[in-house]
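Undergrad: Numbering (the numbering used here), first residue to last: 1 to 148.
Quick caveat, the hints were computed from the structure, so don't treat them as lab data.
A quick note: this is a predicted structure, and the numbers were derived from the prediction, not measured.
Note that the Cβ used here is the ideal one computed from N, Cα and C, for glycine as well.
Be a bit skeptical, because a hint or two may be false.
Said to hold, decoys possible - As a list, the in silico DSS-like pairs of lysine-lysine whose alpha-carbon atoms are at most 25 Å apart:
no.	residue 1	residue 2
1	K84	K141
2	K74	K88
3	K141	K88
4	K122	K88
5	K141	K110
6	K74	K110
7	K84	K66
8	K129	K88
9	K84	K129
10	K122	K110
11	K141	K129
12	K110	K79
13	K141	K74
14	K74	K84
15	K141	K122
16	K66	K24
17	K79	K141
18	K58	K24
19	K84	K110
Stated by the list, open to error - Between beta-carbon pairs, the in silico distance windows are:
no.	residue 1	residue 2	range
20	V35	N105	30 to 40 Å
21	E27	S120	29 to 39 Å
22	V55	M1	16 to 26 Å
23	Y83	N33	35 to 45 Å
24	N113	K84	14 to 24 Å
25	V135	N33	36 to 46 Å
26	N111	K58	36 to 46 Å
27	S123	N40	30 to 40 Å
28	H30	K129	35 to 45 Å
29	N142	Y104	16 to 26 Å
30	I114	H30	37 to 47 Å
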Amino acid sequence: MNLSDMIEEYIMNAISDSEQVELKRSEIAHEFNCVPSQINYVISTRFIPELGFYVESKRGGNGYIKISRINLSKSNFVKDIIYKIGRKMSQSVMEVYLREMLRYNIIDNKNANIISAALSEKSLSQVPKLTRDSVRADMFKNILVNLI
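All chains, full assembly: derive it from the sequences and hints.
TA: What follows is the structure, encoded as structure tokens:
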């Protein structure tokens, strides 16, 4: 598990207790022996509205990060993902979406593994590299449309 995953897990555990959590960026950075910008990166990429989170932040000496979970219906959640994907999607971004879909019980582990394998770099190796992310995005969207 990499540092970003550990930080995400730490924050998710804090949120799971109350649906909202107020954290100090510097305290988390100290906990994980990293720079505060690493915390910013995790929050800006993994705690976004499209994934069901609202983040409020105040910088400075008494600064904080307040993260709240937004209750989205499953179909709205999937529609938001479809909209967010756009024209291209890397394998790593797809994996983030699959983790979130697992977290919200939109798909199960077996289906997540099948989707991940079907849209992996290895599976798309015959597709030219310049169009691979476009093909992956189109295929992922089609799979999601069939989930709704």
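Undergrad: Hint by hint, note whether the structure agrees.
TA: Okay, the hints, checked on the actual structure:
1. K84 x K141: With Cα atoms ~10 Å apart, K84 and K141 stay inside 25 Å; holds.
2. K74 x K88: 23 Å, holds
3. K141 x K88: With a Cα-Cα distance of about 11 Å, the restraint between K141 and K88 holds, given a limit of 25 Å.
4. K122 x K88: 17 Å, holds
5. K141 x K110: 18 Å, holds
6. K74 x K110: 18 Å, holds
7. K84 x K66: Within the cut-off at roughly 23 Å; holds.
8. K129 x K88: The given pair, whose Cα atoms are some 12 Å apart, holds under the 25 Å limit.
9. K84 x K129: 22 Å, holds
10. K122 x K110: Roughly 19 Å between the alpha carbons, so the hint for K122 and K110 holds.
11. K141 x K129: 19 Å, holds
12. K110 x K79: The hint holds at about 22 Å.
13. K141 x K74: 15 Å, holds
14. K74 x K84: The given pair, whose Cα atoms are some 15 Å apart, holds under the 25 Å limit.
15. K141 x K122: 19 Å, holds
16. K66 x K24: 9 Å, holds
17. K79 x K141: 9 Å, holds
18. K58 x K24: 10 Å, holds
19. K84 x K110: Judged against 25 Å, a Cα distance of about 24 Å means the pair holds.
20. V35 x N105: 30 to 40 Å: Cβ of V35 to Cβ of N105: about 34 Å, so the range 30 to 40 Å holds.
21. E27 x S120: 29 to 39 Å: 37 Å, holds
22. V55 x M1: 16 to 26 Å: 23 Å, holds
23. Y83 x N33: 35 to 45 Å: 37 Å, holds
24. N113 x K84: 14 to 24 Å: With Cβ atoms ~22 Å apart, the hint holds.
25. V135 x N33: 36 to 46 Å: Roughly 40 Å apart at Cβ, these two residues keep to the hinted range, so it holds.
26. N111 x K58: 36 to 46 Å: 40 Å, holds
27. S123 x N40: 30 to 40 Å: Holds, since S123 and N40 (Cβ atoms, about 33 Å apart) stay within the stated range.
28. H30 x K129: 35 to 45 Å: Check passed, 41 Å falls within 35 to 45 Å.
29. N142 x Y104: 16 to 26 Å: Hint holds: Cβ distance 20 Å, inside 16 to 26 Å.
30. I114 x H30: 37 to 47 Å: 40 Å, holds
Of the numbered hints listed earlier, not one is contradicted by the structure.
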